[in-house]
Amino acid sequence: QELTVTLRSLAGNLTHVGGLSPDDTLATLTAETAKCMRLLPCEVRLTRGEEAFRAEDHARRLRDLGIVDGLELNFVRLPRLTPAVMQGSWVNSKGAHIEVEGNDARISGMVTWPLNLDKDGTVTGVGEHLKVEGTSGSEVVRFGADNWHRVREDNPDFAVTLRTVGGAFYRVEGLTPEAPLRSLREAACEGLREALRSAALEKVFFRLQDMVFSADDDELTLRQLGIAEGTSLLCLA
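Just add 7 to wherever you are in the sequence shown, counting from 1, and you've got this note's numbering.
Read the hints as simulated data drawn from the structure, not as lab findings.
Since the structure is predicted, the reported quantities are computational estimates derived from the model, not experimental observations.
Ideal Cβ placement from N, Cα and C applies to all residues, glycine included.
Be a bit skeptical, because a hint or two may be false.
Label-pair restraints from in silico Cβ distances [claimed, not checked]:
(1) D64 to H23: 13 to 23 angstroms
(2) R68 to E185: 35 to 45 angstroms
(3) R230 to K42: 46 to 56 angstroms
Produce the complete structure using the sequences and hints provided.
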């Protein structure tokens with residue numbers, strides 16, 4: 008069954024995007040919106056009322072997001088992603104640190120990939136495999152299965168990446184150094200429910216290099232455990 012979504016701009020103009028399937032992803036809707044408006048996908052931001060979609064929502068199906076035929080969403084045109092916007096420190100979905108300087112991105116201090124630009128100077132990708140699919144302001148750049156999140160030294164909040172041996176990963180944002188480990192284990196049960204096969208909270212534990220954190224460590228803070236911005240934890244159950 009095909010569905011059509013109506014998009015309302017800040018000026019009140021309406022655009023109808025049709026030919027969609029409930030099984031299409033939000034990324035597909037974003038791409039079709041860009042095509043209709045002759046924009047790049049990275050210039051498109053869709054919201055439902057005042058609720059913004061999260062970066063991970065772009066891989067979810069429209070039916071799972073409650074996007075049905077005739078639904079009206081808000082459309083905001085974002086500024087184009089340029090090398091100037093991308094300068095600075097980032098961390099990707101798997102916890103790798105990235106430094107962008109000039110037209111190059113240094114990944115984990117090991118390899119350097121060029122920023123790919125179109126004729127207008129917009130960043131369309133990084134290296135051979137990462138193609139820009141969209142942004143969330145200047146703080147998140149989406150590359151299909153990977154997302155880059157800006158690192159700001161003046162922000163006390165930080166994010167941690169949780170991953171599984173099967174390759175699933177989940178980024179937990181808005182953490183503070185004084186948050187207890189239990190908050191991370193609760194986030195793992197929610198964000199990695201399918202990968203962990205709905206394991207009980209008390210059975211979820213983390214591995215960081217040669218250290219293991221379990222329910223016995225629940226009352227310890229992330230600061231005490233050495234968990235900080237960009238940490239990548241292996242999540243097991």
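- Query: For the pair R68 and E185, does the Cβ-Cβ distance stay inside 35 to 45 angstroms?
  - Reply: This hint holds: roughly 37 angstroms between Cβ atoms.
- Query: Lying within 46 to 56 angstroms: is that true of the beta-carbon distance R230 to K42?
  - Reply: Cβ of R230 to Cβ of K42: about 47 angstroms, so the range 46 to 56 angstroms holds.
- Using the C-beta atoms of D64 and H23, is the stated range 13 to 23 angstroms upheld? 22 angstroms, holds
In summary, this structure violates none of the numbered hints.
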